[in-house]
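S.K.: These protein sequence lines are chains E and W, in that order. If you're matching positions, the first sequence starts at 1 in the numbering used here and goes up one per residue. If you're matching positions, the second sequence starts at 1 in the numbering used here and goes up one per residue.
Because the hints were derived from the structure by calculation, they are not lab data. Take these hints with a grain of salt, some might be off.
Stated by the list, open to error - Simulated crosslink set (DSS-like; lysine-lysine; CA at most 25 Å straight-line):
1. W:Lys222 <-> W:Lys113
2. W:Lys28 <-> W:Lys222
3. W:Lys2 <-> E:Lys10
4. W:Lys65 <-> E:Lys59
5. E:Lys10 <-> E:Lys40
6. E:Lys19 <-> E:Lys53
7. W:Lys77 <-> W:Lys65
8. W:Lys77 <-> W:Lys41
9. E:Lys64 <-> W:Lys77
10. E:Lys40 <-> W:Lys41
11. E:Lys40 <-> W:Lys65
12. E:Lys64 <-> E:Lys53
13. E:Lys19 <-> W:Lys109
14. W:Lys113 <-> W:Lys77
15. E:Lys2 <-> E:Lys64
16. W:Lys28 <-> W:Lys41
17. E:Lys59 <-> E:Lys19
18. E:Lys53 <-> E:Lys2
19. E:Lys2 <-> E:Lys19
20. W:Lys77 <-> E:Lys53
21. W:Lys65 <-> E:Lys64
22. E:Lys19 <-> E:Lys64
23. E:Lys40 <-> E:Lys59
24. E:Lys19 <-> E:Lys40
25. W:Lys222 <-> W:Lys77
26. W:Lys109 <-> E:Lys10
27. E:Lys2 <-> E:Lys40
As the list claims (entries may be wrong) - Non-contacting residues of chain W with respect to chain E, defined by C-beta distances greater than 12 Å in every case (computed):
28. Met1
29. Pro139
30. Asp150
31. Ser151
32. Gly161
33. Ala177
34. Thr215
Said to hold, decoys possible - Covered, in the sense of this in silico footprint (three residues per stretch, anywhere, with C-beta under 8 Å from a C-beta of chain W), are these stretches of chain E:
35. 11-17
36. 64-71
Ideal Cβ positions, reconstructed from N, Cα and C, are used throughout, including at glycine.
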Amino acid sequence: MKARVHVTLKNGVLDPQGKAVHHALQGLGFDGVNDVRQGKFIELELDGTDAAKAEAEVKEMCEKLLANTVIEDYSIELA
Amino acid sequence: MKSAVILFPGINRENDAIAALEQATGTKPVVVWHGETELPKTDIIMVPGGFSYGDYLRCGAMAAKSPIMRAVAERAKAGVTILGVCNGFQILTEAGLLPGALMRNASLKFICKNTHLKIENADTRFTNQYKAGDFVDYPVAHHDGNFFADSETLDRLEGEGRVILRYCDANGVVDPATNLNGSQRNIAGIINEAGNVLGMMPHPENAIDPLHGGTDGRNLFKSLVEAAS
Chain E
1 MKARVHVTLK NGVLDPQGKA VHHALQGLGF DGVNDVRQGK FIELELDGTD
51 AAKAEAEVKE MCEKLLANTV IEDYSIELA
Chain W
1 MKSAVILFPG INRENDAIAA LEQATGTKPV VVWHGETELP KTDIIMVPGG
51 FSYGDYLRCG AMAAKSPIMR AVAERAKAGV TILGVCNGFQ ILTEAGLLPG
101 ALMRNASLKF ICKNTHLKIE NADTRFTNQY KAGDFVDYPV AHHDGNFFAD
151 SETLDRLEGE GRVILRYCDA NGVVDPATNL NGSQRNIAGI INEAGNVLGM
201 MPHPENAIDP LHGGTDGRNL FKSLVEAAS
């Protein structure tokens with residue numbers, strides 16, 4: 001089973017990298033972009049087939065290591 | 001007086017930390033490798049700067065989970081003096097020993113220069129050789145020193161006198177223009193609730209010898225010795 005984890009900065013936390021990317025996109029002529037938020041994508045290859053168990057475990061991984069919940073939110077997708 | 005320096009792979013300021021502690025305590029610190037699970041009995045523990053684990057995932061995130069940090073957390077709870085500088089500050093926040101987080105500098109640039117800092121609270125075991133309102137000159141060298149915490153946490157830190165250092169200019173002015181890296185409220189260093197753990201981005205250990213260009217950092221290490229003796 002695969003778990004896909006998206007880690008993004010919380011709303012209200014300034015994202016200077018996202019701002020720089022936004023600025024660069026505007027420089028390339030992409031004028032239709034209102035905002036850019038940059039994050040991380042982490043793909044995990046897991047043992048087992050129990051989706052509920054896997055989700056609980058990946059949530060624990062996010063809380064303990066994959067995300068810093070002071071500044072980041074995360075979402076988990078199983079496939 | 002005994003001290004220890006914790007060494008993680010990718011740390012590069014350990015020799016500066018060792019020199020500063022040796023100068024202040026008169027004894028060479030014990031260097032403890034990250035894979036150890038036990039610490040020798042010491043009065044002071046320093047987590048030095050560098051790029052532990054190549055800053056993978058987030059600065060300090062991997063080091064914070066290494067075996068030795070459980071022992072460091074126990075010592076923190078027992079009241080031992082713990083100083084985290086630069087990557088050491090990042091590691092202590094990631095380990096939950098200090099609140100907040102260190103984000104990418106607002107300018108997105110790596111900043112390597114000397115900076116002025118205002119001593120906000122001289123009534124701590126880290127700053128007792130300074131006077132509140134003093135300003136000092138320490139080097140900084142970091143890419144991720146932009147201190148963030150929610151406003152409730154910031155208010156609590158300020159209310160409890162736990163903001164120890166703020167970025168300022170040569171006249172001691174603290175304002176958005178003198179904010180080196182975008183840190184909330186110009187914060188450069190904070191202590192924990194019990195007052196025995198300090199995390200700071202600037203490098204006092206690189207301001208202890210006239211050859212460094214200044215010796216303003218000596219009093220920070222003298223303070224530790226004063227408090228522990």
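S.K.: Compare the structure with each hint and give your call.
M.R.: For each hint, the structure was consulted:
no. : hint                  : verdict
1   : W:Lys222 <-> W:Lys113 : holds (24 Å)
2   : W:Lys28 <-> W:Lys222  : holds (15 Å)
3   : W:Lys2 <-> E:Lys10    : violated (42 Å)
4   : W:Lys65 <-> E:Lys59   : holds (17 Å)
5   : E:Lys10 <-> E:Lys40   : holds (13 Å)
6   : E:Lys19 <-> E:Lys53   : violated (38 Å)
7   : W:Lys77 <-> W:Lys65   : holds (17 Å)
8   : W:Lys77 <-> W:Lys41   : holds (14 Å)
9   : E:Lys64 <-> W:Lys77   : holds (20 Å)
10  : E:Lys40 <-> W:Lys41   : violated (40 Å)
11  : E:Lys40 <-> W:Lys65   : holds (20 Å)
12  : E:Lys64 <-> E:Lys53   : holds (17 Å)
13  : E:Lys19 <-> W:Lys109  : holds (14 Å)
14  : W:Lys113 <-> W:Lys77  : violated (34 Å)
15  : E:Lys2 <-> E:Lys64    : holds (19 Å)
16  : W:Lys28 <-> W:Lys41   : holds (14 Å)
17  : E:Lys59 <-> E:Lys19   : violated (29 Å)
18  : E:Lys53 <-> E:Lys2    : holds (13 Å)
19  : E:Lys2 <-> E:Lys19    : violated (31 Å)
20  : W:Lys77 <-> E:Lys53   : violated (34 Å)
21  : W:Lys65 <-> E:Lys64   : holds (9 Å)
22  : E:Lys19 <-> E:Lys64   : violated (28 Å)
23  : E:Lys40 <-> E:Lys59   : holds (16 Å)
24  : E:Lys19 <-> E:Lys40   : holds (16 Å)
25  : W:Lys222 <-> W:Lys77  : holds (23 Å)
26  : W:Lys109 <-> E:Lys10  : holds (22 Å)
27  : E:Lys2 <-> E:Lys40    : holds (16 Å)
28  : Met1                  : holds (34 Å)
29  : Pro139                : holds (23 Å)
30  : Asp150                : violated (8 Å)
31  : Ser151                : violated (10 Å)
32  : Gly161                : holds (22 Å)
33  : Ala177                : holds (18 Å)
34  : Thr215                : holds (34 Å)
35  : 11-17                 : holds (count 4)
36  : 64-71                 : holds (count 6)
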